[in-house]
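Spelled out, the chains give:
Number of protein chains: 2
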Amino acid sequence: MYITCLDVEGVLVPEIWIAFAEASGIPELKKTTRDEPDYDKLMRWRLGILKEHGLGLKEIQATIEKIDPLPGAREFLDELRTFSQVILISDTFTEFAAPLMKKLGYPTLFCNSLEVADNGEITGFKMRVEQSKLTTVKALQSIGFETIASGDSYNDLGMIQASKAGFLFRSTDKIKADYPQIPAYETYEELLGAIKKAMEEK
Amino acid sequence: MYITCLDVEGVLVPEIWIAFAEASGIPELKKTTRDEPDYDKLMRWRLGILKEHGLGLKEIQATIEKIDPLPGAREFLDELRTFSQVILISDTFTEFAAPLMKKLGYPTLFCNSLEVADNGEITGFKMRVEQSKLTTVKALQSIGFETIASGDSYNDLGMIQASKAGFLFRSTDKIKADYPQIPAYETYEELLGAIKKAMEEK
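So the sequence lines, in the order shown, correspond to chains A and B. In this note's numbering, each number is its position in the first sequence, counted from 1, plus 4. In this note's numbering, each number is its position in the second sequence, counted from 1, plus 4.
The following block holds chain A by itself, in its conformation from the complex (with noise of 0.2 Å):
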């Protein structure tokens, strides 16, 4: 029984701190992983910007509001729906990703969670698990399922590997050289296909 999961920022939606930057006017906010590879350190910096700024949760999800999937994300996702489990894994935050979740038709987020104060104000965030998409893909195999995975960056290259079927997703051309062995896909159509195609082989 196959199941198929899904990294979601850069394959679904836009990275959400990007354009969150974008949309709010705060460029500073752009600084990523690559900046500062502790993310930790790079989360707690993050929300002392946001509280510099003003920027309660209410706030953050009505500007997140105005960021939409990427185009022809939800129609893929509803067809590939249609004929497979789907599991969209994430290192994003479940309360920033609701708006978006809800453009692309309630598909099941596994992601982390935030801390919020009472007023409003984002205190804390909580990480779900170690390294979680490989572990939630070992942890999905545990009980029966055979996985698919797909995702664009490193983070995502533990799940693709460890799955029975596994595709990078418009990647970075490093990643791709990098890990020639892995299929490598740019357009939805193209990804629908591999992903049905792996489910057929028994």
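Hints in this document: simulated from the structure, not taken from any laboratory. Small disclaimer: the values here were computed from a predicted structure and weren't measured. Treat the hints with care, as some may be off.
Copies of the same chain are indistinguishable here, so a pair counts whether it falls within one copy or spans any two.
[What the hints assert, rightly or not] In silico DSS-like links for lysine-lysine, alpha-carbon gap of 30 Å or less:
#1 Lys200 / Lys106
#2 Lys201 / Lys130
#3 Lys178 / Lys34
#4 Lys130 / Lys45
#5 Lys106 / Lys201
Assemble the complex: chain A is given as a structure, and chain B must be docked to it using the hints.
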């Protein structure tokens, strides 16, 4: 981080074999695990009856398409999915459940799968995992989720009791009497309220 795990038959849709027996006019298919406690034996007997009547997967799905979710189930699920991740866990088969999942807006379903020959004949079945409900809930807990579970039958008690919060829904008088410590609800409104309340307790 919470995730809600719901039983399907009796909670969101009618008992599929019973509804199918009625819709197809094959009353003997109403036989359940109450009559034949050996599930494997029961399923093989059911597949024999289907073959006898010349019913392949296509014909069965056409009949199941006539069955509707329980009144209010779609609205309940739509509302629940706005504030909680949801996994449906069922002992039925993906291929039988598919027409009903479409009517429910394609929630994520963890169940079993059929083996189908090229001519459409159902030749066998594959159970995903032993004690699928409890095992699935435990796997979700192992990747950082706190689970909330609800169901109507004996085979739901494991996941209900292993969860942070668990509720009986439209259960039998016998189960409700035997497990008075488990809150029991009859309406979707009550169940929705109980899930919301459980998620607010941190």
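Q: May I ask which of the numbered hints given earlier this structure violates, with the numbers listed in increasing order?
A: none
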